[in-house]
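Residue numbers (the UniProt record's numbering), protein chains in the order written: chain A, 1 to 276; chain B, 1 to 292; chain C, 1 to 334.
Please keep in mind that the hints were generated in silico from the structure rather than gathered at the bench.
We put the CB at the ideal spot given by N, CA and C, even for glycine.
Take the hints with a grain of salt, since some may be wrong.
Stated by the list, open to error - DSBU-like cross-link-like pairs, simulated, lysine-lysine; straight-line CA separation at most 30 Å:
| no. | chain 1 | residue 1 | chain 2 | residue 2 |
| --- | --- | --- | --- | --- |
| 1 | C | K113 | A | K182 |
| 2 | C | K184 | C | K111 |
| 3 | A | K116 | B | K39 |
| 4 | A | K182 | C | K74 |
To be verified - So the derived label-pair ranges between C-beta atoms look like this:
| no. | chain 1 | residue 1 | chain 2 | residue 2 | range |
| --- | --- | --- | --- | --- | --- |
| 5 | C | T313 | B | S213 | 19 to 27 Å |
| 6 | A | W73 | B | S155 | 48 to 56 Å |
| 7 | B | S187 | A | I257 | 31 to 39 Å |
| 8 | C | G311 | B | M195 | 53 to 61 Å |
| 9 | B | S155 | A | P191 | 52 to 60 Å |
| 10 | B | S213 | A | W260 | 52 to 60 Å |
| 11 | B | F69 | A | L56 | 45 to 53 Å |
| 12 | B | Q4 | C | K65 | 42 to 50 Å |
| 13 | C | N171 | A | T190 | 33 to 41 Å |
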Amino acid sequence: MARATTTRRKIITTVAAWSIGLLIFFPILWTILTSFKTEAQAINDPPLFFFFDWTLENYAVVQERSDYMRFLWNSVILAGGSTLLGILVAIPAAWSMAFVPSKRTKDILLWMLSTKMLPAVGVLYPISLLFVQFNLLDTHIGLIVVLMLINLPIIVWMLYTYFKEIPGEILEAARMDGATLKEEILYILTPMAIPGIASTVLLNFILAWNEAFWTLNLTAAKAAPLTAFIASYSSPEGLFFAKLSAASTMAIAPILILGWFSQKQLVRGLTFGAVK
Amino acid sequence: MATQHSRSAARLMMTPAVVLLLGWMLVPLILTLYFSFKKYLPLRGDSLERGLDWVGFENYVRFISSSSFWPSVQTTLIIVGGVLLITVVLGIFLALLLDQPFWGQGVVRILVIAPFFVMPTVSALVWKNMFMDPINGILAHLWRFFGAEPISWLSDASLQSLILIVSWQWLPFATLILLTAVQSLDSEQLEAAEMDGASPVARFGFIVLPHLSRAITIVILIQTIFLLSIFAEIFVTTGGAFGTRTLTYLIFQRVIDSQNIGLGSAGGVYAIILANIVAIFLMRIVGKNLDR
Amino acid sequence: MGQITLNQITKSFGDVQVIPPLDLRIEDGEFVVFVGPSGCGKSTLLRLIAGLEDVSSGKITIDGKEATEVPPAKRGLAMVFQSYALYPHMSVRKNIAFPLRMAGLDKAAQKEKVEAAAKVLNLTDYLDRRPGQLSGGQRQRVAIGRAIVREPAAFLFDEPLSNLDAALRVNMRLEISELHQTLKTTMIYVTHDQVEAMTMADKIVVLQAGVIEQVGSPLELYHTPRNKFVAGFIGSPKMNFFMGSFAAEFGAATIGVRPEHLTVSQDGGKWAGKVGVSEHLGSDTFLYVDMDGVDEPITVRSSGEVGFRHGDTVHLTPDPDKIHRFDNQGLRMA
Chain A
1 MARATTTRRK IITTVAAWSI GLLIFFPILW TILTSFKTEA QAINDPPLFF
51 FFDWTLENYA VVQERSDYMR FLWNSVILAG GSTLLGILVA IPAAWSMAFV
101 PSKRTKDILL WMLSTKMLPA VGVLYPISLL FVQFNLLDTH IGLIVVLMLI
151 NLPIIVWMLY TYFKEIPGEI LEAARMDGAT LKEEILYILT PMAIPGIAST
201 VLLNFILAWN EAFWTLNLTA AKAAPLTAFI ASYSSPEGLF FAKLSAASTM
251 AIAPILILGW FSQKQLVRGL TFGAVK
Chain B
1 MATQHSRSAA RLMMTPAVVL LLGWMLVPLI LTLYFSFKKY LPLRGDSLER
51 GLDWVGFENY VRFISSSSFW PSVQTTLIIV GGVLLITVVL GIFLALLLDQ
101 PFWGQGVVRI LVIAPFFVMP TVSALVWKNM FMDPINGILA HLWRFFGAEP
151 ISWLSDASLQ SLILIVSWQW LPFATLILLT AVQSLDSEQL EAAEMDGASP
201 VARFGFIVLP HLSRAITIVI LIQTIFLLSI FAEIFVTTGG AFGTRTLTYL
251 IFQRVIDSQN IGLGSAGGVY AIILANIVAI FLMRIVGKNL DR
Chain C
1 MGQITLNQIT KSFGDVQVIP PLDLRIEDGE FVVFVGPSGC GKSTLLRLIA
51 GLEDVSSGKI TIDGKEATEV PPAKRGLAMV FQSYALYPHM SVRKNIAFPL
101 RMAGLDKAAQ KEKVEAAAKV LNLTDYLDRR PGQLSGGQRQ RVAIGRAIVR
151 EPAAFLFDEP LSNLDAALRV NMRLEISELH QTLKTTMIYV THDQVEAMTM
201 ADKIVVLQAG VIEQVGSPLE LYHTPRNKFV AGFIGSPKMN FFMGSFAAEF
251 GAATIGVRPE HLTVSQDGGK WAGKVGVSEH LGSDTFLYVD MDGVDEPITV
301 RSSGEVGFRH GDTVHLTPDP DKIHRFDNQG LRMA
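Here chain A stands alone, though its shape is the one from the complex:
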């Protein structure tokens, strides 16, 4: 919908868009600002915006008191592990469905999607039970598998839509040229699908990072990621806004940065290719 507009109109739009954008972003901005204040400054009335004594003290305290690095590491392991595992399982499946479709392909895709819609709370107890049975509670491997499973439908779907865009003739050409199935996937499909695979990885890393049902319910101390770390701040002791902000900033900063890179692919991933 691009067309020439008057400068006046552009100015008005700019002001409106920026105001709304900043308003929406404000809670995040405020959290970041507050993390650099002292506790007293954090609750000052009127609120202090930029003119206060910037301090890094809160970050040091948070790290010291709750061992931020360990939670961060757990988040990286869980999100990274589940995404990697998911990709490994999903690439062959997506290849099959995109390039050797059968009458059941559509049904399988939709069925996979339907497993994503199973409300977690409906199966909370059975999963906890299985976790206890197999000594998986509060372990990395247990949660990696669960996070992989809840995101697997999205990974398969995203890869499927990306693979669909690769012309089948290219894979046939590789086959004529003597490539085996393994070589075909390794040398032709994967390099061609790298952008798609990358955005799939990114989005699923984000989703796994932010997942806050299973990570809260199936971890205690050892394997708890940042979602649990932040939840531990829900019962405050004394003045804690600045520290809460520092902890929050640390929990969301890595993913905000990744998220901005993935915004273009976000739509496709979250709508299962229904909106492009």
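Following the hints, put chains B and C in place on chain A, whose structure we already have.
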């Protein structure tokens, strides 16, 4: 590309994903169904080893007839409905705004999308403390600045507060998808309508909105599925108090707090049925899209 | 060597049989063109030969060896695809070298063969570019180069020129014919364009609905089409068909006369009609003449410039030796 060889290879390569998801779906589902027909209170000495009593549909009946059931359904509907209304309406508005040319489009886009990447526990805690705290929250400061009495948001206006928090998280999602849809609108259609004498309002009503209808439906369906199971936001703000106990949270409490597995499982089956009703509609749309 | 025999092969997709039992023999060194309207099964036939699809029944032999169950890469055939199917993430050099790499050839031999092929195809200056940076014709040449280096028993072309613009298409047509003269390797070429078929082929296979309507040299098909379908499909502009009393006069159910075998005159001819549109090409003039009792306008091809106007009454006379007669099954009558 369909030789016997490639077809059997395809089947083989699909197997791990299918088997994993099948297990992930069936095992817990069967266990939940099983428990929902049993009396299972671990705190009162029931255990799997000693065997559980079969109680038929008693759990189902009790779950529905308990005094907390209908309020929780109502709460769920209010939260889901409220968030949907806010995010879709504001989402359309924002999508149209962000589609206009202005300076700094990329930056504003990023600002608007950012809340989606904030983990639910963080956004709930930040809103709860730094914004909605009745003494030190920003909103309290703002109210006092205008000479008003600060509101205890999460106890006196708990549902509205929760809707506000969740809407803030999901507005980026709605905006982003609707923006993508708006951008796919052929500008010649709008120009043709303009030539035909349609006013901006008429153009919105007759061209833009119908074009967006598919995207809106998808936003509504996907959000509904996620919103039906919001958990962390309630967990860290009100803990289900002050009338914010949704169906999901009620089931969670039955299973974890009161350790009534049978009752909770029956609730779980209801939740699964509810989610599936929404899911069927979503799958139809997605499925149609596959055929194209 | 590149002698290919299809023996009673069939292909079904589910319940639909797209190729009923079909026999065909392709001699070594022949340039064979499969031609037919879209959906006639010509591409499927090519893919069956390539091994990209399994035959439902029947036997394929290549150079006397049974190849029905042999995977595509082991049949010793090379294929050029409609979309060229170049690997976009590899340079031209790597694209051409890919089949050699898959065959496990050492680097030095790969380099030598790639450069030889590049020289033949005028691609030497482009070896380090990506396919995305090439023009349509250059991409086409890369796809051919990838086929050449394999030194295949036969080349398979699947509508290779359909993505090129008209001028380039004529050029590439010549290049492929030239290549065939040089290599003397069997080539099987699929197209829906009868001009390509006529100009390139040693042997044309006309297909309709999976059935071979006729096999023969271009001129055989032109002069003695076996049935109405072939008669109408081969030749441009299309053959005119007359039925009813027009045909009865010649003892046939239908007669066909090619536009170039009709003479047009102001008065004193066999059939009268009214001139509709006339197309002036300079070298030729195509007249579209409406005749009573004939549904479609009759096309007449006159060489040079002809000065008839819209609405003029003209007379048409067929060359009596060039009238094709068909019976009520549409088959050619002797």
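Taking the hints in turn, this is what the structure says about them:
1. With a CA separation close to 25 Å, the supplied pair K113/C and K182/A stays within the 30 Å bound.
2. Restraint check: the Cα-Cα separation between K184/C and K111/C comes to about 24 Å, which is no more than 30 Å; the hinted pair holds.
3. This hinted pair checks out: K116/A and K39/B have alpha carbons roughly 29 Å apart, not beyond 30 Å.
4. Distance hint between K182/A and K74/C is fulfilled; the C-alpha atoms sit about 16 Å from each other, no more than 30 Å.
5. Evaluation of the 19 to 27 Å hint for T313/C and S213/B yields a failure: the beta carbon distance comes to about 59 Å.
6. Separation of W73/A from S155/B is about 37 Å and departs from the stated range, judged on CB atoms against 48 to 56 Å.
7. The beta-carbon spacing between S187/B and I257/A, approximately 34 Å, falls within the hinted interval of 31 to 39 Å.
8. A hinted range of 53 to 61 Å is violated for the C-beta pair G311/C and M195/B, which are about 39 Å apart.
9. In this structure, S155/B and P191/A meet the distance hint of 52 to 60 Å, their C-beta atoms being roughly 57 Å apart.
10. Between S213/B and W260/A the C-beta distance comes to about 30 Å, which lies outside the given range of 52 to 60 Å.
11. Taken as a hint, the range 45 to 53 Å holds for the pair F69/B and L56/A, whose Cβ atoms sit roughly 50 Å apart.
12. At about 20 Å, the beta-carbon gap between Q4/B and K65/C misses the expected band of 42 to 50 Å.
13. At roughly 36 Å, the beta-carbon separation of N171/C and T190/A lies within the given 33 to 41 Å, and the hint holds.
Of the numbered hints given earlier, the model fails hints 5, 6, 8, 10 and 12; all others are met.
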